[in-house]
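Student: Those protein sequences? They're chains A and B, same order as listed. Note that numbering that gives the first Met the number 0 numbers the first sequence so that position 159 is 158, with each residue one more than the last. Note that numbering that gives the first Met the number 0 numbers the second sequence so that position 1 is 0, with each residue one more than the last.
Calculated from the structure, these hints are not laboratory results. Don't take every hint at face value.
Since the list gives no way to pick out one identical chain from another, each pair is judged satisfied if it fits inside one copy or across any two copies.
Once the Cα atoms are required to be at most 27 Å apart in a straight line, the calculated DSS-like pairs of lysine-lysine come out as [as the list claims (entries may be wrong)]:
1) LYS46 x LYS350
2) LYS121 x LYS136
3) LYS342 x LYS180
4) LYS342 x LYS242
5) LYS46 x LYS357
6) LYS242 x LYS136
7) LYS89 x LYS136
8) LYS89 x LYS180
What follows is each chain in one-letter form.
Protein chains: 2
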Amino acid sequence: MRVSRTTIGVIGGGQLARMMYAPATRLGIGLRLLAEGPDVGAARIFKDVTVGDYTDEATVRAFAAGCDVITFDHEHVPTRILRGLVADGKLVRPGPDALQHAQDKLLMRQRLTDSLNAPAPKWRACANGDELWEFGKQIGFPIIAKASRGGYDGHGVWKVDRPDQTEIPFEEALAESAGEKVEIIGEEFVDFARELSVIVVRAPSGQAVVYPVSETIQRAGVCRETITPAPGLTEEQATRIAKLGLDIADELQVTGVLAVELMQRHDGSVVINELAMRPHNTGHWTIDGAHTSQFENHLRAVLDLPLGDPRARDRWSVMVNVLGGTRDDLPSELLHCFARDPKLRVELYGKDMRPGRKVGHVNCYGDDLDEVRARAEHAARYLMGEIGEG
Amino acid sequence: MRVSRTTIGVIGGGQLARMMYAPATRLGIGLRLLAEGPDVGAARIFKDVTVGDYTDEATVRAFAAGCDVITFDHEHVPTRILRGLVADGKLVRPGPDALQHAQDKLLMRQRLTDSLNAPAPKWRACANGDELWEFGKQIGFPIIAKASRGGYDGHGVWKVDRPDQTEIPFEEALAESAGEKVEIIGEEFVDFARELSVIVVRAPSGQAVVYPVSETIQRAGVCRETITPAPGLTEEQATRIAKLGLDIADELQVTGVLAVELMQRHDGSVVINELAMRPHNTGHWTIDGAHTSQFENHLRAVLDLPLGDPRARDRWSVMVNVLGGTRDDLPSELLHCFARDPKLRVELYGKDMRPGRKVGHVNCYGDDLDEVRARAEHAARYLMGEIGEG
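Taking the hints into account, I'd like the entire structure generated from these sequences.
Tutor: Structural data, given as C-alpha cells:
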C-alpha cells in the first residue's frame, strides 16, 4: 500500500530519529516524534514532538492516530502494542512480525535456523542455570550467555568461563522486559577474527538494496569504528554476505533498514551475531560515503518509494564514534578538527554529555585507507578529550 | 570574535534558510528562524520559529535578542535596522557594510569599480528618464535599465531598445523599497555567450574558500540549470574568476556565502552582473556534489569556524530547478523519478504549489556530462509536469 502526503511517526528520540530529519526534509516528508523526554537528541530538532512513554499503549495509540505510518528509532516498543496498532489498521514499518526477530534473540535464532539454515554459533535456549551449565559442558567452555530481550551495546551478554561462575545476574536478566518474557540463550563462544556488518534496506514492494559490507571494530561492547568496504573480503565472501542479508530481509519481510551483525572466523566463514531493524550505527558511513544514506533509504522504504543507490562514492569510508569524554562544548571543539582537516565530516547528536555515551560520530573517505583511518581516529579522539591539539 | 554554544538567528523563511537546518543539526548548532509566515518552507521544519515582519525594527530587535549571531535567507532586511543591531553589539554576518553591496546594485557598481576596477558592463547612475536616454544614445541602444534595489529573478530589470520606449515602469521602479532610496542604473547591453557564477565563502578570520565556477542557464530571468565546472572554461579563466570572487569577498569583508554572477562574452572575458550574500541557487549542486555544501560552509563562516573543502566530488555536477507546474503532491511524484534513476538526488522546499515558483531542485553527478544533464533534466521536467512517465 502506497502512502501519499504522508506523515511518518517515529517512535524514539535518539540520534537515529534525529538523523532521519534531514532526509525527510529533503524529500518534503513530514515527521512526527514520540520522544522519551523533551531534551533527547531528536526532540531538540524535530518541529513536531510528543513526549510520552512508548511502553504505554494509550500513549502510542494516541501518537499513531496523527500519523500515516509508524517507524522506529529503536526496537523496544512492546510487540503487543504494535500488534494493536496493526489491528487498528495502522501501517507499522517494520511490522511486529518482522520486528520481533530483532527484539527477541531466541526467536531470531530459531527462525533463521529453521527457515534459512543461516550460519549461527551453536546455541540452545536455556530455561535455567542448570541447562546453561549442561550446554557448556556439552560444547565446552567458555560459552556466551545472552538475555533474549532488552540487551544493547554489550549489556545482557556474559562470557561464561566455567560451570560454577556466579557473577552472572540471572535473576536480573530473567526479569520481564517491558512485559515480555526474557529467556537465556547459551551460545558457542566464537573465536572470531573480526566482526562485520551488512545493511539491507527493503521496501514493502519487495525491492531491496544492500550496502557494501563493513568491518566493525568494537571496544567494551560498543561500536568504535567501521571500515567500508571490509578490507580483504573476497568478492565471493562479500556476495555471500550480501545474499545472506537479502535472504533474511525477505524471509522476515522486513520494511526499512535491516542490519545484520556478523562474526567472521579465522577461516573466513561467518556466523550471525545480531539483527537490528532500524538505521544502524554501522551504517552511519553512508551519510557521506554512499550515494543514498541509510536514513534516506529507510524513509523511502517506509513510504514504499523506490530505493536509492547504496553504493559507495569513494574507495574507503571510515566512521568513528565519538563517546562522551572530558570535552563538553563539542560544537566549539570543532575549531581544531576543522582547522586540521577540511574534508572531515562530523555529526553531533545534541545530547547532554555523559562519559561513554554515544554523542556523535565522524566520517572520512578517500583512496588511502591508512590516511582515512588516521584522520577519523584523530578527530574522534580529540572530541573525546583523549588527545590535545598536537 | 568566536562564538560558542551558539544560537544562530536566520532572518527569512525561504528554501535557503530551510537548507541550513540539516547542516546546523549535524554540527549541533541551534538555529532560530524569523519567518514571514507560519507556512513558509523553513517555518515548516524549524523547531524554533518566530513569525514577524523583517522590515519592522522592533520585531527584528526582539528576535535578535534571543540569538548570538544573525544571518539571512535574503538581502531584504533594511540596512538601518541591521546598523541598529550592530550598534547594540549584536553579531550580524554578513554585516550591513558588506550586505549593502548586495542590496544596492548602484553601490555595488561604484565600489567594485572604484576599489577593484572589477570588470563590469559600462554603467551610469541615472536620476531620471532623460539621463537614461542620454546614456543610451552615448553608448548605443539597446541598453539595460535596472532598479538599484529590490529586484530579483528578472524583476526590476528592463531591456531598453530605443529612446522613446514607454513601457518601463519608472515610477514603480523608483518608488521607495522598504524605506530605502531606489535609483535607476543604465548599463551596457552585454551580448554574452553564457552566464557563470562563482561561490566564495569567507569567515571573519579572513579564511575564504571558493567553489568551482558554474555555468548557469536562465529561462525568463530565472535560473533553470547549473553545470559545474563550467564546460570549456580554461584553467586560467577559472583561476581569474576564482580570484575575482575572493578579491570581492575580501574587499567587502563579506562573512558567509558571496555569490558573484557573471556574464561571459564571446571572447571569453567576463563582467560582473550581480552579487548575492547568502547561499545561492547556483550553489545548490554543492549539497551532493562538493565535499562541503555551501550551506554548511555558510554556517561555519557565521560561527568563524574553519571552512570545509569546497572541491567537487565528481567530474560533473548538474542542478536543475523544479518550478511549480501541474503536479501537486511532489513527494508522491518521486515514485517515478526514483524508479527511473536510483542515483537521483532531490530536494523539495515544502512550499505551497504556485506556477513558476521555485519549489525544489534535483542534483545529478557523474562522469558523462550529457548523461548527467539528461537525468537531471528529465526528473525536473517530470516534477514540473512537462513530461509524463514515458
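Student: Taking the hints in turn, state whether each one holds.
Tutor: Verification of the supplied hints:
1. In this assembly of identical chains, LYS46 and LYS350 lie within 27 Å of each other by CA distance both inside one copy and across copies; the values are 17 Å within and 16 Å between.
2. Taking the closest pair of Cα atoms, LYS121 and LYS136 come within 27 Å of each other only inside a single copy of the chain (13 Å); across copies the shortest separation is 93 Å, beyond that limit.
3. In this homomeric assembly, LYS342 and LYS180 never come within 27 Å of each other (Cα to Cα): the closest approach is 48 Å inside a single copy and 44 Å across copies.
4. In the homo-oligomer, the alpha carbons of LYS342 and LYS242 lie at most 27 Å apart only across protomers (22 Å), although the nearest pairing inside one protomer, at 33 Å, exceeds that limit.
5. Taking CA atoms no more than 27 Å apart as the test, LYS46 paired with LYS357 passes in both settings, with 23 Å inside one copy and 23 Å between copies.
6. When the C-alpha separation of LYS242 and LYS136 is checked against a cutoff of 27 Å, the pair qualifies neither within a copy, at 35 Å, nor between copies, at 75 Å.
7. Neither within a single protomer nor between protomers do LYS89 and LYS136 lie at most 27 Å apart by alpha-carbon distance, with minima of 48 Å and 72 Å respectively.
8. With identical chains, the CA atoms of LYS89 and LYS180 are at most 27 Å apart within one copy only, with a shortest distance of 25 Å there and 58 Å across copies.
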